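**Q** Read off the chains here:
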Amino acid sequence: MSFTQRLGRTLRTPLGVVAMFAVFALLVVAIIGPIFWQDTADRVDTTAIGQRGSAEHWFGTDALGRDIAARMLVATRLTLELTLFATVIGAVGGFVLGTLPTVLGARAARLVTALVNLLIAFPTLLFVLFLAVVFGVGTYGAVLAIGIGIVPTFARLVQNLAASVAGADYVSAARILGVGRFRLIVRHILPNIAEPISLFLLQTGAGVLLAFSGLSFLGMGVQAPDYDWGRLLNEQLNRVYTHPESAVGPAVAIVLTGLAFNLVGEVLSQAGGRRGLRPTPDRDRRALAPTPAGTTSVTAAGGAGADDGEPAPLLDVDRLRVTFPGGHVAVRDVSLSVAPGEAVGIVGESGSGKSLTALAVAGLVPYPARVTARSITFDGVDPTANTGLGTSLAMVFQDPMASLNPALTIGRQLSEVAEVHLGHNRTQAMKRAVDRLRAVRIPDPEHRSGMHPGEFSGGMRQRTMIAMGLMGEPRLVIADEPTTALDVTVQAQVLALLRDVRETSGAAVLMISHDIAVVSQVCERVVVMYAGRVVEELPTSDLVTGTAHPYTRALIGAVPDMRTDRRLPLVTIPGRPPAPGEDTSGCPFAPRCEFATDRCRTEEPVLRGTDTRRRVACWHPVTTPAEEKTKSP
Amino acid sequence: MKSFTDTRHNPWVTFTLRRLGRLTVSLALLVTASFAMIHLVPGDPVRAALGLSASPELVEAREHALGLDRSLPDQFGSFLTRLLHGDLGESIGAQMPVADVISDRLPSTMQIAAIAFATTIVVAIPLGMAAGVLTRDGRRRRLELAFVGTTSVVAVFPEFLLAVGLVALFGAQLGWLPVALKEGPESYVLPVLALAIGPVAALSRIVRVETLRVLDEDYMRTARAKRLPTRILYLRHALPNLLTSSLTLGGLMLAGLLTGTVLVENVFAWPGLGMTMVQAITQKDYPLVQGIVLVYGTLALLINFAVDVLLAVTDPNSTIRES
Numbered sequence: 030m031s032f033t034q035r036l037g038r039t040l041r042t043p044l045g046v047v048a049m050f051a052v053f054a055l056l057v058v059a060i061i062g063p064i065f066w067q068d069t070a071d072r073v074d075t076t077a078i079g080q081r082g083s084a085e086h087w088f089g090t091d092a093l094g095r096d097i098a099a100r101m102l103v104a105t106r107l108t109l110e111l112t113l114f115a116t117v118i119g120a121v122g123g124f125v126l127g128t129l130p131t132v133l134g135a136r137a138a139r140l141v142t143a144l145v146n147l148l149i150a151f152p153t154l155l156f157v158l159f160l161a162v163v164f165g166v167g168t169y170g171a172v173l174a175i176g177i178g179i180v181p182t183f184a185r186l187v188q189n190l191a192a193s194v195a196g197a198d199y200v201s202a203a204r205i206l207g208v209g210r211f212r213l214i215v216r217h218i219l220p221n222i223a224e225p226i227s228l229f230l231l232q233t234g235a236g237v238l239l240a241f242s243g244l245s246f247l248g249m250g251v252q253a254p255d256y257d258w259g260r261l262l263n264e265q266l267n268r269v270y271t272h273p274e275s276a277v278g279p280a281v282a283i284v285l286t287g288l289a290f291n292l293v294g295e296v297l298s299q300a301g302g303r304r305g306l307r308p309t310p311d312r313d314r315r316a317l318a319p320t321p322a323g324t325t326s327v328t329a330a331g332g333a334g335a336d337d338g339e340p341a342p343l344l345d346v347d348r349l350r351v352t353f354p355g356g357h358v359a360v361r362d363v364s365l366s367v368a369p370g371e372a373v374g375i376v377g378e379s380g381s382g383k384s385l386t387a388l389a390v391a392g393l394v395p396y397p398a399r400v401t402a403r404s405i406t407f408d409g410v411d412p413t414a415n416t417g418l419g420t421s422l423a424m425v426f427q428d429p430m431a432s433l434n435p436a437l438t439i440g441r442q443l444s445e446v447a448e449v450h451l452g453h454n455r456t457q458a459m460k461r462a463v464d465r466l467r468a469v470r471i472p473d474p475e476h477r478s479g480m481h482p483g484e485f486s487g488g489m490r491q492r493t494m495i496a497m498g499l500m501g502e503p504r505l506v507i508a509d510e511p512t513t514a515l516d517v518t519v520q521a522q523v524l525a526l527l528r529d530v531r532e533t534s535g536a537a538v539l540m541i542s543h544d545i546a547v548v549s550q551v552c553e554r555v556v557v558m559y560a561g562r563v564v565e566e567l568p569t570s571d572l573v574t575g576t577a578h579p580y581t582r583a584l585i586g587a588v589p590d591m592r593t594d595r596r597l598p599l600v601t602i603p604g605r606p607p608a609p610g611e612d613t614s615g616c617p618f619a620p621r622c623e624f625a626t627d628r629c630r631t632e633e634p635v636l637r638g639t640d641t642r643r644r645v646a647c648w649h650p651v652t653t654p655a656e657e658k659t660k661s662p
Numbered sequence: 003m004k005s006f007t008d009t010r011h012n013p014w015v016t017f018t019l020r021r022l023g024r025l026t027v028s029l030a031l032l033v034t035a036s037f038a039m040i041h042l043v044p045g046d047p048v049r050a051a052l053g054l055s056a057s058p059e060l061v062e063a064r065e066h067a068l069g070l071d072r073s074l075p076d077q078f079g080s081f082l083t084r085l086l087h088g089d090l091g092e093s094i095g096a097q098m099p100v101a102d103v104i105s106d107r108l109p110s111t112m113q114i115a116a117i118a119f120a121t122t123i124v125v126a127i128p129l130g131m132a133a134g135v136l137t138r139d140g141r142r143r144r145l146e147l148a149f150v151g152t153t154s155v156v157a158v159f160p161e162f163l164l165a166v167g168l169v170a171l172f173g174a175q176l177g178w179l180p181v182a183l184k185e186g187p188e189s190y191v192l193p194v195l196a197l198a199i200g201p202v203a204a205l206s207r208i209v210r211v212e213t214l215r216v217l218d219e220d221y222m223r224t225a226r227a228k229r230l231p232t233r234i235l236y237l238r239h240a241l242p243n244l245l246t247s248s249l250t251l252g253g254l255m256l257a258g259l260l261t262g263t264v265l266v267e268n269v270f271a272w273p274g275l276g277m278t279m280v281q282a283i284t285q286k287d288y289p290l291v292q293g294i295v296l297v298y299g300t301l302a303l304l305i306n307f308a309v310d311v312l313l314a315v316t317d318p319n320s321t322i323r324e325s
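Top line first, the protein sequences correspond to chains E and W.
According to this note's numbering, numbering within the first sequence proceeds without interruption in unit steps and concludes at 662.
According to this note's numbering, numbering within the second sequence proceeds without interruption in unit steps and concludes at 325.
Don't take every hint at face value.
Covered by chain W, according to a simulated footprint, are these stretches of chain E (three or more residues, beta-carbon under 8 Å) [claimed, not checked]:
#1 158-167
#2 272-284
#3 429-437
To be clear, the hints were calculated from the coordinates, so they are not data collected in a lab.
Keep in mind the model is a prediction, meaning the values are calculated, not measured.
Each residue gets a CB set at the ideal place from its N, CA and C atoms; glycine is no exception.
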């Protein structure tokens, strides 16, 4: 974005208008101040010495009876001039010192960088005071001191920016083409770093103004009879007890001007960059409307689970919806049940809403997404209410490298579960932690429980996560992509461990994965999700032969096995899933489906039970060949 | 001391040695600069200090006493020798050894700097963390705006203007607190506030951003999945992860806070090194200025070095300082 565009956009924000107006007003006062108020400011009035603020003298009068308000207005010009001079000195010096490393040979460049590093180690104020002494106390000494004082900071910025640009391809290309070093800076590097530097200049200007006022305030800057705001403050300070307004006036002028500079810089840099997190514009209008169409599907689904005298489900989710602000529905009327001890897998591509479904069940959906459902019950309670859940629900997350707290020991992260939920004391809890670590086959658990996650391998961390879930008596383990971040052999170990945990603890497992092969190793039942909906549900044993939805077929077709012809390219599903917020009328899979008809494109298929164990949402479910159907139960 | 071969295996020993090298070079630069200062000042420093009415004999005698009539390398040599013995020369104005003046004034400065630093850490970290927790994931936009707005405005206030404002408000208007000199515990309040308010604003702003980063980490989701009480969630799981970077940045502010005493002490007539320095500069008491520059500079360098090494020890993977 060009600077003028940025300026235009800035002027459309209220903050931008205020900032720009403040700077404009300052410039006007700086220009006309000495013209209009010079006489008032210099008029000595022995009858009005040291008066307090009044309608005639807003901020009172000084020791010679001069009007302080007028002196402030007049001082604006000198204050801004000195700020400008010092900033220019600092900018030029900083730019030269900052670009030198790019122009000079490697050894000289290192020397310059080292010098800047050395200078930057000293606090700026100390450096400026030192320089002020060397250049002599007074206006010019102060300008030089502050100007040179900010050189190291500025040089460091330019150096960093130039280095980032100098590594870019087009600069390397120019170098290969034999462009001279000086030309390289002027033509290739400078234009690309001009913008951040000009923004930084505004902020530096504010700093310089304050520093200058500081020096004048200490009596080391502007000397009488000249005066800038800092000098005025210095002259009035001893009256702060009697007439505070006369000292506060100049102080406020300094602060407001500094703020105005900062504000302009801030507003300008923000106008170009992103402004925080904005909800995506509402394009999925259908999502906001009530969905009578979905009702039939759920009734059918609810009916499928209820009959046959099956045991009451451990987890029962009825029409779960996860909505983001702006109306994007990431999970759309998902109904799901898991029986005690059962292992159910949810598969689907990224963005299908499978992880959000799992997080919603655990009550962990990140803000600002909203979870609604006709009902969610887990073990008789509503897990999203975040109460009474205790340790009966365990989570295993995708990335074991990031899911454990790097600041706490492994043992502590396990034992706190027992302390909080089981009322164990520290020793008991730690004993249980070691025992659980042993149960997931962490070697030497007594010793390892004292380690930090950084000392564990990925596989060990994932086993630790499982052990963490086993600290209580879990009735359901939700495993969200538990093997995705692990290599293949470790994957197999973790899957074996999950099966093992299920057998020994009798816990149900809800496993989320994009990998249908992984899910089929652990689960008895598979739920296939697409674009936030359940499109098919079937026993794992039917995966090979009994799939009805074209999407599930395509997913299975995409898994290579030992018989896959390796000379052919890997099978992929053509097209892409609908983007978040993309409006899909009809079946969301229709654009990618080879069997799609006009009906698929206009009317959304509902999830219907084909028999007691299967459900499918498709207008044209693939009919299973007769000879294979005999194999399935 | 570890043997040399050890350093190859221990990255932070290498790091410390490298930083020690840089510290040495910086100190050498500081010593050279403070020595050179008296020769760089415009005009005759002794004449300037004694005034135009001083007799030429007096000026000559003083120059001889300061060793200014000898050759430059000779002077530098004796400057270094004296420095090693803790002798910083004789103050022209105070007529006593510079080292005595400094040891008399330094404790007052260190006291307010240390108290202000402790206040900064103790206030800024809980404040920034609370702000981060309350505004996480884009909650409470108005509070976020108010917090960021206030802290960024306050952070650009220079110490001396804050000091003037505090004097005007608490000293002059309300009359609650003493506004000048070091007399009793109450007299510490305003100088410490003037020093600490800016750093509190700057640091709490950074702590808030760090808090937001930590709360977004996967391990915080794990902790929430464990259904821990809120107190444990934030204090045990979040706090340690944002402490290192927060303390580092706080430590880096300490050097700036220390030099900020120069301005603040002048507002409150605080009998510390900063006020002495400004007096010495205006009186052209160059040996004293030289000594104070050395002390301030050395302290700042040592603080930065200590922060670097502490960070390297506590968090070897940190890249904060190597950017």
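**Q** Report the numbers of all earlier hints that the structure fails to satisfy, in ascending order.
**A** none
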